[in-house]
Each structure stands twice: as structure tokens, then as C-alpha cells.
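Engineer: Letter by letter, the chains look like this.
There are 2 protein chains.
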Amino acid sequence: MTNTEIPRKTIYRLSIFQRCLQRLKENKVETVSSEALAKAAGVKPTQLRKDLTHFGQFGTRGLGYNVSGLSSAIAGVLGSSRLQPVILVGVGNLGSALLRYGGFQKEGFEIVAAFDSLPVPARAKGLKTALMKATDLTRFIRRQNIKMAILTVPALHAQEVVNEMVAAGIQAILNFSPVVLEVPKNIIVNNVDLAMELENLSYFIR
Amino acid sequence: MTNTEIPRKTIYRLSIFQRCLQRLKENKVETVSSEALAKAAGVKPTQLRKDLTHFGQFGTRGLGYNVSGLSSAIAGVLGSSRLQPVILVGVGNLGSALLRYGGFQKEGFEIVAAFDSLPVPARAKGLKTALMKATDLTRFIRRQNIKMAILTVPALHAQEVVNEMVAAGIQAILNFSPVVLEVPKNIIVNNVDLAMELENLSYFIR
Chain A
0 MTNTEIPRKT IYRLSIFQRC LQRLKENKVE TVSSEALAKA AGVKPTQLRK
50 DLTHFGQFGT RGLGYNVSGL SSAIAGVLGS SRLQPVILVG VGNLGSALLR
100 YGGFQKEGFE IVAAFDSLPV PARAKGLKTA LMKATDLTRF IRRQNIKMAI
150 LTVPALHAQE VVNEMVAAGI QAILNFSPVV LEVPKNIIVN NVDLAMELEN
200 LSYFIR
Chain B
0 MTNTEIPRKT IYRLSIFQRC LQRLKENKVE TVSSEALAKA AGVKPTQLRK
50 DLTHFGQFGT RGLGYNVSGL SSAIAGVLGS SRLQPVILVG VGNLGSALLR
100 YGGFQKEGFE IVAAFDSLPV PARAKGLKTA LMKATDLTRF IRRQNIKMAI
150 LTVPALHAQE VVNEMVAAGI QAILNFSPVV LEVPKNIIVN NVDLAMELEN
200 LSYFIR
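Protein chains in written order, with the working numbering: chain A, 0 to 205; chain B, 0 to 205.
Each hint should be verified, as a subset may be incorrect.
Said to hold, decoys possible - To give an idea of the interface, some chain A residues facing chain B are shown, with a C-beta separation under 7 Å as derived from the structure:
1. L62
2. G78
3. L82
4. A96
5. R99
6. M131
7. T137
8. F139
9. N144
10. P177
11. V182
12. I186
13. N199
14. L200
Since the hints were made in silico from the structure, they are not lab data.
Beta carbons: idealized from backbone N, C-alpha and C, even for Gly.
Take the sequences, apply the hints, and build the full model.
Structural biologist: Spelled out as C-alpha cells, the structure:
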């Protein structure tokens with residue numbers, strides 16, 4: 000079975016199930032019914048069971064799922080059991096904010112370097128991440144064999160940076176620039192547009 | 000026509016169309032074909048035309064859309080033509096990062112106050128947003144008639160904070176806490192889980 004046969008939404012939901020399982024583990028819960036896990040994840044039990052069948056047989060009828068067993072299995076599927084190196088490009092307001100955030104490391108992602116067209120932006124003072132010049136981007140990606148990037152450059156420069164990164168070997172991009180990126184079919188892009196999320200909410204409150 | 004009849008995905012796409020129209024305006028483009036606008040937004044032309052029919056008749060056959068006219072119409076539909084006050088709850092690493100971000104204001108959202116259970120966290124030093132005690136949350140929402148909130152508290156506290164905010168009058172929440180929130184049917188929640196977005200990408204790069 001190749002990766003592409005599994006629906007993207009299933010992969011997303013696996014991450015949600017994993018968050019719920021982690022909280023159960025923290026609370027020393029050892030087994031969980033599919034109904035309880037589905038409710039915590041905000042999906043229907045049939046959806047949970049269907050998602051898990053993509054990866055094998057989990058759980059025992061009438062007993063539910065072993066929490067740490069299912070969690071390990073999902074970590075294996077998602078590839079989140081080992082630390083994944085990530086680069087960040089564009090150390091502007093949002094970029095430096097994300098570098099300060101620090102919440103990625105906990106989840107298995109290490110931002111190994113950040114790139115900007117300016118040598119060391121003032122707003123990036125005091126950051127622990129290595130700051131590098133944009134001209135070193137291609138070489139760094141190739142030498143360190145980096146596959147994932149967080150993109151926080153202005154919309155105007157996003158596509159050219161993406162073209163350069165993809166040519167150097169980047170395969171997956173978390174894009175915060177408010178622009179629809181054009182990438183080859185085998186490259187995956189997830190878009191996060193924070194202002195758009197707020198705009199979407201504002202529609203519903205009138 | 001009530002708000003709830005329009006699919007949520009249509010509302011999302013309107014925001015994307017709006018981004019594209021704004022760039023066209025910046026580039027002094029006056030009219031755009033549905034094919035070109037759809038391509039820039041990463042959707043099919045039939046989808047674009049169908050989305051717009053929810054709100055009225057736009058464009059002239061053979062001539063395309065008037066860029067600033069369509070942009071104004073979408074702003075009216077989305078309610079983004081006036082500045083919307085928003086509060087942020089949880090001035091931790093991510094919360095203070097978002098306060099420093101500053102990209103919301105540009106899109107019509109003003110973070111009017113930020114709340115934390117600690118008086119003034121050290122990491123929030125130098126921020127321009129008014130920092131308030133969590134005990135003032137309910138009163139502030141009521142007095143200022145705030146409808147939108149950004150939630151960046153730890154997962155453990157997210158649900159209790161939401162219960163309090165909803166009781167005080169909050170109708171829409173942009174949730175960054177990695178937890179599925181339970182809210183009444185008339186309350187809308189958009190979830191952004193940055194670590195989950197990376198996890199999702201990491202699956203596809205092996």
C-alpha cells in the first residue's frame with residue numbers, strides 16, 4: 000500500500016486521535032472504547048473505525064483500544080516517532096514569532112535553521128535558532144537533506160522561494176504566505192492563513 | 000437567506016478569492032476572467048461561479064469580473080469591511096508570538112486586549128496590546144460586546160475558558176489549543192494546530 004492511497008483527511012484525523020491518546024496516557028488511562036475516543040476527537044465512531052482499518056487491525060471487540068499500543072502504531076504510521084528537521088524561511092513578524100513559539104519541538108519537529116534575505120533582522124535578536132542568509136538556502140537543504148520547510152515570506156516572494164526550495168529537494172511545505180503556491184504534483188503544501196481564519200469566523204457572528 | 004444556508008467551504012473560498020482580488024488591485028488590474036481568478040485561487044472556474052451565485056449576480060459574460068466591484072461585494076458578504084474587535088486569551092509562547100505578529104490588523108481585526116492568569120508574563124514585556132487579568136475576562140467581553148476570541152491557553156484549561164467566554168457572549172473562537180472543544184450549536188470554532196499541520200506533512204515525505 001502506498002502513501003497516496005490513504006485519504007488526506009484520514010491522515011489529519013490520525014493526528015487528532017493521537018492528541019487524544021496522548022492526553023489519555025497523561026491521565027494514566029490504559030484502554031479506551033471507540034465511542035469514547037471518537038467523541039473526544041469530535042468524529043463519529045464509524046469514522047474512527049474506518050480510518051484505523053487503513054493501517055491494520057486495532058482493538059478488541061468489547062474491550063476497546065489499548066491506549067499506548069494504538070498511540071505507538073499511529074506514531075509509526077505518521078512517522079512522528081523520530082525527530083524531523085525543518086527549516087523556516089522568512090524571519091519577519093510571523094516567522095520570528097513562530098521561532099519563539101517552541102511548540103514544534105515537543106511534537107517531534109526541530110527547526111534547524113531559519114533563513115532571511117537580510118543578514119540578521121533586529122526582530123530576530125535573541126533567538127536560539129541558527130539564522131542564515133537566503134543565499135545559503137539551496138546549499139543547506141542539499142547538504143543537510145532537509146525535506147520540510149515552513150514558509151513565512153511576504154506573498155510577493157513566496158513562489159520564487161518555493162521554486163528554489165523544491166529544486167533543492169524540499170518535499171513538504173507549511174505555507175503561511177497568503178498566496179496559492181504552484182508546485183509539482185509530488186510536492187505537498189499545507190496552507191495556514193491566520194487572517195483568513197478570522198475572516199471566516201467573522202462571517203458567522205453577524 | 001440566512002448565514003447558515005451557505006456552505007462553510009464557500010465562505011472559506013470567498014476569503015481566498017478576496018486575497019487574489021486584493022493582489023490584482025495592487026497590480027492595477029481592473030477586470031479578470033472567471034478562468035484567471037479561479038486559477039489564481041486554485042479552484043475550478045465552475046466552483047468559483049457556483050460560489051458566487053450564493054450572493055448574487057457578478058460579472059458580465061465575455062467581459063469577466065470588475066475587480067474592485069467584486070472585492071467590495073465579497074467584503075460586504077464576509078463582514079470584513081469594518082474593523083472587528085478580537086480578544087486573545089493565553090499569553091504563553093504562542094499567544095505572545097501572535098500578539099507580536101501584527102498581521103491581523105491589516106486584515107481588519109484588532110486584538111483589543113489579551114488575558115492571562117498571571118498578571119504580566121515576562122514574555123509579554125514590550126507588547127502594545129492591553130494585558131488584563133483572567134478574572135476580568137467575563138466583564139470585559141460583556142462591557143465591550145466582544146464576539147470573537149483567539150484561544151492560546153494550554154489544552155488542560157481550554158474547555159473551562161471556552162465555557163466562560165461563551166457564557167459571556169463570545170460567538171466565534173479561533174482555537175490554537177490542541178483539544179476538541181465542546182460548544183453550543185450556535186457557536187463557531189475554527190481550529191489551528193500548527194504541530195498537527197507539520198505532522199500531517201511529515202507523513203507524505205517518506
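Engineer: Hint by hint, note whether the structure agrees.
Structural biologist: Here's how the hints hold up against the structure:
1. L62: violated, 24 Å
2. G78: Nearest chain B Cβ about 5 Å off; hint holds.
3. L82: Because about 11 Å separates L82 of chain A from the closest Cβ in chain B, which is outside the 7 Å limit, the hint is violated.
4. A96: Given a least distance of 3 Å, the restraint on A96 of chain A holds.
5. R99: At about 5 Å, which falls below the 7 Å cut-off, the nearest Cβ of chain B leaves the hint on R99 of chain A intact, so it holds.
6. M131: Constraint on M131 of chain A not satisfied, violated at 20 Å.
7. T137: Constraint on T137 of chain A not satisfied, violated at 18 Å.
8. F139: With Cβ-Cβ at 17 Å, over 7 Å, it is violated.
9. N144: Since the shortest Cβ distance to chain B is 11 Å, the answer is violated.
10. P177: holds, 5 Å
11. V182: violated, 11 Å
12. I186: violated, 9 Å
13. N199: holds, 6 Å
14. L200: Given a least distance of 4 Å, the restraint on L200 of chain A holds.
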